[in-house]
Amino acid sequence: MALKDVTLGQYVPCGSPVHRTEARVKLLLGIAFSIVLFVVDEWQGYGVLAAYVAAAMALTGLPVGFVVRGLRPILWLVALTVAFHALLTPGTPVVGLGPVQVTAEGLETGGRLAARLVLLAAGVSLVTLTTSPVAMTDALEWLLAPGRRVGVPNQEIALMMSIALRFIPTLAGELDRIMKAQKARGADFETGGPIRRVRSLVPVLVPLFMSAFRRADGLALALESRCWRGSAGRSRWRTRRLRAADWAVLVGSLTLFAVVGWRFR
Amino acid sequence: MPIVVKDLHYTFNPGTPWAVQALRGVSLTIGDGEFVGLVGPIGAGKSTLVQHLNGLLVPPPGKVWVDGVDVGAQGRSLLAVRQRVGLVFQYPEHQLFAETVFADVAFGPRNLGLSAAEVEERVQEALALVGLDFQAFRDRSPFTLSGGEQRRVALAGVLAMRPRYLILDEPTAGLDPAGRRELLALLLRLNREKGVAVVLVTHHLEDVAELAQQVVVMAQGRVAAAGPTSQVLGAGQRAALRALGLDVPVAAQLVDELNRRGWQLPLDLVRTADVVAAVAAAARSRAAGGSGHGA
Numbered sequence: 001m002a003l004k005d006v007t008l009g010q011y012v013p014c015g016s017p018v019h020r021t022e023a024r025v026k027l028l029l030g031i032a033f034s035i036v037l038f039v040v041d042e043w044q045g046y047g048v049l050a051a052y053v054a055a056a057m058a059l060t061g062l063p064v065g066f067v068v069r070g071l072r073p074i075l076w077l078v079a080l081t082v083a084f085h086a087l088l089t090p091g092t093p094v095v096g097l098g099p100v101q102v103t104a105e106g107l108e109t110g111g112r113l114a115a116r117l118v119l120l121a122a123g124v125s126l127v128t129l130t131t132s133p134v135a136m137t138d139a140l141e142w143l144l145a146p147g148r149r150v151g152v153p154n155q156e157i158a159l160m161m162s163i164a165l166r167f168i169p170t171l172a173g174e175l176d177r178i179m180k181a182q183k184a185r186g187a188d189f190e191t192g193g194p195i196r197r198v199r200s201l202v203p204v205l206v207p208l209f210m211s212a213f214r215r216a217d218g219l220a221l222a223l224e225s226r227c228w229r230g231s232a233g234r235s236r237w238r239t240r241r242l243r244a245a246d247w248a249v250l251v252g253s254l255t256l257f258a259v260v261g262w263r264f265r
Numbered sequence: 001m002p003i004v005v006k007d008l009h010y011t012f013n014p015g016t017p018w019a020v021q022a023l024r025g026v027s028l029t030i031g032d033g034e035f036v037g038l039v040g041p042i043g044a045g046k047s048t049l050v051q052h053l054n055g056l057l058v059p060p061p062g063k064v065w066v067d068g069v070d071v072g073a074q075g076r077s078l079l080a081v082r083q084r085v086g087l088v089f090q091y092p093e094h095q096l097f098a099e100t101v102f103a104d105v106a107f108g109p110r111n112l113g114l115s116a117a118e119v120e121e122r123v124q125e126a127l128a129l130v131g132l133d134f135q136a137f138r139d140r141s142p143f144t145l146s147g148g149e150q151r152r153v154a155l156a157g158v159l160a161m162r163p164r165y166l167i168l169d170e171p172t173a174g175l176d177p178a179g180r181r182e183l184l185a186l187l188l189r190l191n192r193e194k195g196v197a198v199v200l201v202t203h204h205l206e207d208v209a210e211l212a213q214q215v216v217v218m219a220q221g222r223v224a225a226a227g228p229t230s231q232v233l234g235a236g237q238r239a240a241l242r243a244l245g246l247d248v249p250v251a252a253q254l255v256d257e258l259n260r261r262g263w264q265l266p267l268d269l270v271r272t273a274d275v276v277a278a279v280a281a282a283a284r285s286r287a288a289g290g291s292g293h294g295a
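Chains as they are written, first to last, in our numbering: chain S, 1 to 265; chain X, 1 to 295.
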């Protein structure tokens, strides 16, 4: 099933300098990077940001092919964006057939957007590839903490996120098992028209939902039997501190982003 | 005709940081009508192996043959292989989905494209095999049944395919002792009366010793030992089995313990009934001869 092929953002533990960087730093930098990406409007700017991402990727020590494969799912979106812009932007025609004209301006804008999309996906996956889900939810909880005063349940959101993340591989495994069990009884998920294919999923979805509910029940019991009474006032087993290197990465990167954003706006 | 596996390799997630070699050159033969125990610790590759036998994982051509058919060379038409080789996963009741017991058991036969009359006949037959009354159960929802009944319905769903080979992955996990006995008795009956070849995948050498004629021991993606049950579970192998984290049957342990105390019981006895008979005979001759060392 395609689920297992989605590497976009799946955490790969390696222990590189990028992995060791505090999750809060990476989260903040990810957000800052995304903002700068949409401020920058010149090719040199994209060049600098691409070099930044490429350098960081190189530091992670992850196989290049693996990272690139993870970006594949967004390629059709990029292709669509470029095509629409190329065809629909008025300007100097480059090639064309009657009313359908590819314009130079269209290619230019389309290319810029494509660069943004690819860099955005690369930057975000750089964060998620190198940050464990636990560290990520902790960082998110911290980021949302100011919202607590206006009623944002940041700790509950973090817990929900970590549980959801925890269940993705479990349910993916379960799905695989159920599909195999039904295939063993001659089920066919690959042929036939759309209606047939959707109907062929019933023998998979019913057991999958049953199992999800069963697991949710079990998890609720396990939480309660360990005296969980909501997240308020919980202390932490492992407190995460920013080290000197984290500060250096944070300040250095933010400075770079600011310069790039100012210079190539 | 048998199932033949020749030098089968398999790697999960090849080319990624999670690549795991699950099978490293497995070769074995499962004869027609045999009862085979497939044992080994967790991670030995048992589940990966059995999924190759009915094409859930498609082997490379020339590696797995079922009744003379090369599983890897079938392209997409694996239905015939899946009909011949029935696979019952762990906790098969978790795969029940239909509104009635009848519809769930009929799922397989319907996928085979059988007529309504034939489907009904097969459902009746399968439910009778697992000991559930057709009239009483046909219209009940599988989700209202007890755990043991659910498992039998799930098993019936595979039996309704009329497989020549039946592979079961830990079929007794989570059953109470009575349910476990009944299920194992059913497997034995299928094997002896219907001539269905049974492959019992398990960590419990106890069950294997009682039921299987042949045993295949897997460890780290390879076949560590294979042969008749009395040989593979025989005295020479027991230390190796323990080293793999498997428990030698209690009856065999009794033989070892008695021999350590001076008895001379044959070492290839692994079934409880055989050991009891041998011990009784030895005890009688000890009492008669009074020598203290019966055999």
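Keep in mind that the hints were calculated from the coordinates and are not lab data.
Nothing here was measured: the structure is a model prediction, and the numbers come from that model.
It cannot be assumed that every hint is accurate.
[Claimed, not checked] Some chain S residues close to chain X (C-beta under 7 Å, calculated; not the full set):
no.: 1; residue: Thr92
no.: 2; residue: Ala181
no.: 3; residue: Ala184
no.: 4; residue: Arg185
no.: 5; residue: Pro207
no.: 6; residue: Arg215
no.: 7; residue: Leu219
[Claimed, not checked] Listed below are the simulated SDA-like cross-link pairs for lysine to any residue, each with C-alpha atoms no more than 25 Å apart in a straight line:
no.: 8; chain 1: S; residue 1: Lys180; chain 2: X; residue 2: Leu244
no.: 9; chain 1: S; residue 1: Lys180; chain 2: X; residue 2: Ala239
no.: 10; chain 1: S; residue 1: Lys180; chain 2: X; residue 2: Arg24
no.: 11; chain 1: X; residue 1: Lys194; chain 2: S; residue 2: Asp41
no.: 12; chain 1: S; residue 1: Lys180; chain 2: X; residue 2: Gln135
no.: 13; chain 1: S; residue 1: Lys180; chain 2: X; residue 2: Gly113
no.: 14; chain 1: S; residue 1: Lys180; chain 2: X; residue 2: Gly245
no.: 15; chain 1: S; residue 1: Lys180; chain 2: X; residue 2: Asp133
no.: 16; chain 1: S; residue 1: Lys180; chain 2: X; residue 2: Ser27
no.: 17; chain 1: S; residue 1: Lys180; chain 2: X; residue 2: Val119
no.: 18; chain 1: S; residue 1: Lys180; chain 2: X; residue 2: Val279
no.: 19; chain 1: S; residue 1: Lys180; chain 2: X; residue 2: Asp67
no.: 20; chain 1: S; residue 1: Lys180; chain 2: X; residue 2: Arg164
no.: 21; chain 1: S; residue 1: Lys180; chain 2: X; residue 2: His203
no.: 22; chain 1: S; residue 1: Lys180; chain 2: X; residue 2: Leu79
no.: 23; chain 1: S; residue 1: Lys180; chain 2: X; residue 2: Ala173
no.: 24; chain 1: X; residue 1: Lys6; chain 2: X; residue 2: Trp65
no.: 25; chain 1: S; residue 1: Lys180; chain 2: X; residue 2: Arg192
no.: 26; chain 1: S; residue 1: Lys180; chain 2: X; residue 2: Gly75
no.: 27; chain 1: S; residue 1: Lys180; chain 2: X; residue 2: Glu193
no.: 28; chain 1: S; residue 1: Lys180; chain 2: X; residue 2: Glu99
no.: 29; chain 1: S; residue 1: Lys180; chain 2: X; residue 2: Trp263
no.: 30; chain 1: S; residue 1: Lys180; chain 2: X; residue 2: Asp247
no.: 31; chain 1: S; residue 1: Lys180; chain 2: X; residue 2: Ala288
no.: 32; chain 1: S; residue 1: Lys180; chain 2: X; residue 2: Ala280
no.: 33; chain 1: S; residue 1: Lys180; chain 2: X; residue 2: Ala243
no.: 34; chain 1: S; residue 1: Lys180; chain 2: X; residue 2: Leu112
no.: 35; chain 1: S; residue 1: Lys180; chain 2: X; residue 2: Tyr91
no.: 36; chain 1: S; residue 1: Lys180; chain 2: X; residue 2: Arg260
no.: 37; chain 1: S; residue 1: Lys180; chain 2: X; residue 2: Ser230
no.: 38; chain 1: S; residue 1: Lys180; chain 2: X; residue 2: His9
no.: 39; chain 1: S; residue 1: Lys180; chain 2: X; residue 2: Gln213
no.: 40; chain 1: S; residue 1: Lys180; chain 2: X; residue 2: Leu265
Don't be surprised by glycine CBs; every beta carbon is placed ideally from N, CA and C.
Results of checking the hints against the structure:
no.	hint	result
1	Thr92	violated (45 Å)
2	Ala181	holds (4 Å)
3	Ala184	holds (4 Å)
4	Arg185	holds (4 Å)
5	Pro207	holds (5 Å)
6	Arg215	violated (11 Å)
7	Leu219	violated (17 Å)
8	S/Lys180 - X/Leu244	violated (29 Å)
9	S/Lys180 - X/Ala239	violated (36 Å)
10	S/Lys180 - X/Arg24	holds (23 Å)
11	X/Lys194 - S/Asp41	violated (75 Å)
12	S/Lys180 - X/Gln135	violated (30 Å)
13	S/Lys180 - X/Gly113	holds (19 Å)
14	S/Lys180 - X/Gly245	violated (29 Å)
15	S/Lys180 - X/Asp133	violated (28 Å)
16	S/Lys180 - X/Ser27	holds (23 Å)
17	S/Lys180 - X/Val119	holds (22 Å)
18	S/Lys180 - X/Val279	violated (47 Å)
19	S/Lys180 - X/Asp67	holds (22 Å)
20	S/Lys180 - X/Arg164	holds (19 Å)
21	S/Lys180 - X/His203	holds (22 Å)
22	S/Lys180 - X/Leu79	holds (13 Å)
23	S/Lys180 - X/Ala173	holds (19 Å)
24	X/Lys6 - X/Trp65	holds (9 Å)
25	S/Lys180 - X/Arg192	violated (28 Å)
26	S/Lys180 - X/Gly75	holds (17 Å)
27	S/Lys180 - X/Glu193	violated (29 Å)
28	S/Lys180 - X/Glu99	holds (20 Å)
29	S/Lys180 - X/Trp263	violated (51 Å)
30	S/Lys180 - X/Asp247	violated (30 Å)
31	S/Lys180 - X/Ala288	violated (61 Å)
32	S/Lys180 - X/Ala280	violated (49 Å)
33	S/Lys180 - X/Ala243	violated (32 Å)
34	S/Lys180 - X/Leu112	holds (16 Å)
35	S/Lys180 - X/Tyr91	holds (13 Å)
36	S/Lys180 - X/Arg260	violated (48 Å)
37	S/Lys180 - X/Ser230	violated (34 Å)
38	S/Lys180 - X/His9	holds (20 Å)
39	S/Lys180 - X/Gln213	violated (28 Å)
40	S/Lys180 - X/Leu265	violated (46 Å)
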